[in-house]
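Asks: Letter by letter, the chains look like this.
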Amino acid sequence: ETGVTQSPTHLIKTRGQQVTLRCSSQSGHNTVSWYQQALGQGPQFIFQYYREEENGRGNFPPRFSGLQFPNYSSELNVNALELDDSALYLCASSLEWWDTQYFGPGTRLTVL
Amino acid sequence: ELKVEQNPLFLSMQEGKNYTIYCNYSTTSDRLYWYRQDPGKSLESLFVLLSNGAVKQEGRLMASLDTKARLSTLHITAAVHDLSATYFCAVGETSGSRLTFGEGTQLTVNP
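Same order as they appear, the protein sequences are chains A and B.
In terms of my numbering, the first sequence opens at residue 5 and continues consecutively.
In terms of my numbering, the second sequence opens at residue 110 and continues consecutively.
Possibly wrong hints are sitting among the right ones.
Beta-carbon label-pair distances, calculated as ranges [to be verified]: (1) B/Asp191 - A/Gln45: 23 to 33 Å; (2) B/Glu114 - A/Ala84: 29 to 39 Å; (3) B/Asp191 - A/Pro65: 36 to 46 Å; (4) A/Glu58 - B/Thr137: 16 to 26 Å; (5) A/Gly20 - B/Asp175: 43 to 53 Å; (6) A/Gly32 - B/Glu153: 12 to 22 Å; (7) A/Leu99 - B/Glu212: 22 to 32 Å; (8) A/Phe73 - B/Glu114: 30 to 40 Å; (9) A/Gln45 - B/Thr137: 23 to 33 Å; (10) A/Asn81 - B/Gly205: 17 to 27 Å; (11) B/Ala187 - A/Gly20: 46 to 56 Å.
Note that these hints are calculated values from the structure, not bench results.
All values derive from a computational prediction rather than experimental measurement.
Built from N, CA and C at the ideal position, the CB exists for glycine as well.
Chain A extracted, bound-state conformation (with noise of 0.2 Å):
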């Protein structure tokens, strides 16, 4: 069984481009949820996708957006980065919305 994996990594972007994170969930999850962590901050809560609809969204933009696909696995996209979008953005599935939730490496965004 594979755990949650994401990709890429690492990412650099300039002010004002857009970018797209992915995430695969856990075997047989149906639940993906992003967060957004800051250097030194707990994880903020993007938003959350259950069985392809999205389940609940936290104080994020509109330009913050998200997919899930039949498989399951999952994309955050975000517009017109800017600076303070530099975070590590970390994905988690669980096995229905309200079970424990596990994480992925996350993705290190830098905005330039």
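Knowing the structure of chain A, use the given hints to seat chain B on it.
Replies: Relative to chain A, chain B alone:
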């Protein structure tokens, strides 16, 4: 809005000593999680606590939950260097998907 506070935020302790990390949260919840994060790494699930009075133990770590006081504790017994990491508690919304994390407690265990 659910708020989660951990204390202390920084903890330096000697090997062999005991200590407790506290996690307070502001509104009713039916699930609380503890995670560990090593520098530059992702989060590792340690415990999930689902009911008042729940207690879980794994090795030198023991977590408990008091839903009436809205308080969870993570107790460290006879600390060893390998426990050095940042520990987060995370609280789930009642009937909601969001997990709200505390700021984390950075634990350093010195020889």
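Asks: CB of A/Gly32 to CB of B/Glu153, is that within 12 to 22 Å?
Replies: 19 Å, holds
Asks: Could you tell me whether the CB distance from A/Glu58 to B/Thr137 stays inside 16 to 26 Å?
Replies: 24 Å, holds
Asks: Has the hinted range 17 to 27 Å been met by the Cβ atoms of A/Asn81 and B/Gly205?
Replies: 23 Å, holds
Asks: Please test the hint of 43 to 53 Å on the beta carbon pair from A/Gly20 and B/Asp175.
Replies: Holds - the Cβ-Cβ distance for A/Gly20 and B/Asp175, about 48 Å, lies within 43 to 53 Å.
Asks: A range of 36 to 46 Å was offered for this pair. Does it hold for the Cβ distance of B/Asp191 and A/Pro65?
Replies: The hinted range 36 to 46 Å holds for B/Asp191 and A/Pro65, with Cβ atoms some 40 Å apart.
Asks: Check the following: the C-beta atoms of B/Asp191 and A/Gln45 are separated by a distance inside 23 to 33 Å.
Replies: Because 24 Å falls inside the window, the suggested range holds.
Asks: Is it true that the C-beta distance of B/Ala187 to A/Gly20 lies inside 46 to 56 Å, as the hint says?
Replies: 53 Å, holds
Asks: The hint says 23 to 33 Å between A/Gln45 and B/Thr137; measuring C-beta to C-beta, is that right?
Replies: Since A/Gln45 and B/Thr137 have Cβ atoms about 25 Å apart, the given range 23 to 33 Å holds.
Asks: How does the Cβ-Cβ distance of A/Phe73 and B/Glu114 compare with 30 to 40 Å: does it lie in that range?
Replies: 37 Å, holds
Asks: Just tell me: holds or violated, for the beta carbon distance of B/Glu114 and A/Ala84 against 29 to 39 Å?
Replies: 33 Å, holds
Asks: Would you say the C-beta atoms of A/Leu99 and B/Glu212 sit inside 22 to 32 Å of each other?
Replies: About 28 Å separates the Cβ atoms of A/Leu99 and B/Glu212, which means 22 to 32 Å holds.
No hint from the list above goes unmet by this structure.
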